[in-house]
Structure formats: C-alpha cells, structure tokens
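Here are the chains, one letter per residue:
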Amino acid sequence: SQQGEEDPQALSIQEGENATMNCSYKTSINNLQWYRQNSGRGLVHLILIRSNEREKHSGRLRVTLDTSKKSSSLLITASRAADTASYFCATVGPHGRALTFGSGTRLQVQP
Amino acid sequence: EAGVTQSPTHLIKTRGQQVTLRCSPISGHTSVYWYQQALGLGLQFLLWYDEGEERNRGNFPPRFSGRQFPNYSSELNVNALELEDSALYLCASSLEGVGWDQPQHFGDGTRLSIL
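As given, the protein sequences belong to chains A and B, one line each in that order.
Those letters in the first sequence? Residues 1 to 111, by my numbering.
Those letters in the second sequence? Residues 1001 to 1115, by my numbering.
Keep in mind that the hints were calculated from the coordinates and are not lab data.
On a predicted model such as this, the values are computed, not experimentally measured, just so you know.
Idealized CB from N, CA, C, for every residue including glycine.
Hints should not be assumed to be uniformly reliable.
[To be verified] So the derived label-pair ranges between C-beta atoms look like this: (1) A:Glu15 with B:Ala1002: 40 to 48 Å; (2) A:Ala81 with B:Pro1062: 38 to 46 Å; (3) B:Ser1113 with A:Gln108: 24 to 32 Å; (4) B:Pro1070 with A:Glu17: 47 to 55 Å.
[Said to hold, decoys possible] If you want a taste of the chain B side facing chain A, the calculated C-beta under 8 Å gives, among others: (5) Ser1007; (6) Gly1042; (7) Asp1101.
Between the sequences and the hints, there should be enough to build the whole structure, so can you do that?
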C-alpha cells in the first residue's frame, strides 16, 4: 500500500518555470526522501530530509518538511526539458528499512 | 563505480511458468531490496535481504521468494506466474550502518510481461 498521496498527479509547465510537488504521509518518520524516475527506468535518489529538518537545498531542488502536517514539498526551480520525469516521495517503514512510496507526480517540461 | 545491475532487461512468460530475476548491488552494499511497479498499483515493496538473510517482506504471496548470495547479489523467484504479475521489477541496494539515512540506489529493472 502507498504511504500517502502526491499532488498533483500530473503537472505540465514551460521550461524556465518552477515546479512544485507535494507529498503527504501517514506515519511518523525518521526521514523523507525524493526520487526521480525517467520513463521505464530505475529510480534516482534526489534528496533526503531528516525529521528534525524543515528545509533542504540541493542545486535547483528545494525540499520542505512539515512533520506536524505530515507533508513535504519538492520545488524544482528554473525547470529544464530534461527534468521531465515522475517524482516520488518515500519514507522508511513499516517494513523495516524498505521504502514506502507515494503515488508520484508526472512532470512534463515543455521546451 | 558500477551501479546496480539487473538481468534480464525484458522477459516474456506465460501463465503458470516460473521466472528468476537477478540483481548485482553496488560494490560494498550489503542490503538488497526488491520492488514491484505494476501499472495502476505504484511502487510496492517485495523483499529485503541483508547479509544473506531475508529481513522483511511486503504483502505478497509466498510464490514470490528470493535469496541473497555470499557476494551480496540476489535473485527474485516468482512461481506460478499470473497475469497481474506483469510489472517492472526493480532492485535497489544500500549501505547498512548506524541510522536510517542511507539512500537506496536502483537498477533499471526487469520488465516482465505475462501472456
């Protein structure tokens, strides 16, 4: 079963615009991770934010975490066509260290 | 450094058959995870192996099984294949140590189609 929902399910923007994806989860967490999946390929780890952190940056990525609302957001700034992919949030548990994934957001960046 | 490798990349089977998928983790990684990504069902955890032992399994029937070898590579076996087993099967590896902050590194998966 999925840990939670991601919203929106799909997002289409123009190159240069910012993209924001949201994730909600159900249980308490140690950390929350974001992954990217290009069509038909494996997942690539983007960023990890610990439960005691509120915001984290990595290049054009900014992640926020609100543990009181059990939600996180991923912001991609100045998007590029190469950012076109599906994005998933993931938390650890309830199966030990295995990841439980959200439903994903499909991002399309138009050149 | 070589990433996680999976074989085969594609596979076509018929109902009732059995299949074995293989995964080689990143060198030095002792944990291997298997996930199923089926259309409409999202990414679902299947099995977790560490140091040769099964540590946990997801909500899948016993016909999904696997093992981890002394070199940390892993196999996923699926018996009595059903149409709904059609999916992308992803393997991931990670370092295990103190804390829960190790990201998982994924292979490109095996695309299994059941006819």
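So, going through the hints one by one against the coordinates:
1. A C-beta distance of roughly 33 Å is found between Glu15 of chain A and Ala1002 of chain B, which places it outside the suggested range of 40 to 48 Å.
2. At roughly 45 Å, the beta-carbon separation of Ala81 of chain A and Pro1062 of chain B lies within the given 38 to 46 Å, and the hint holds.
3. Distance hint check: the CB atoms of Ser1113 of chain B and Gln108 of chain A are about 26 Å apart, consistent with the given range 24 to 32 Å.
4. The hint said 47 to 55 Å for the Cβ distance between Pro1070 of chain B and Glu17 of chain A, and at roughly 50 Å that hint holds.
5. Annotation: interface hint on Ser1007 of chain B violated; nearest CB of chain A at approximately 13 Å, more than 8 Å.
6. At a threshold of 8 Å, the smallest CB-CB gap from Gly1042 of chain B to chain A is about 5 Å, leaving the interface hint in force.
7. Interface hint status for Asp1101 of chain B: upheld, as the beta-carbon distance to the closest one in chain A is roughly 6 Å, under 8 Å.
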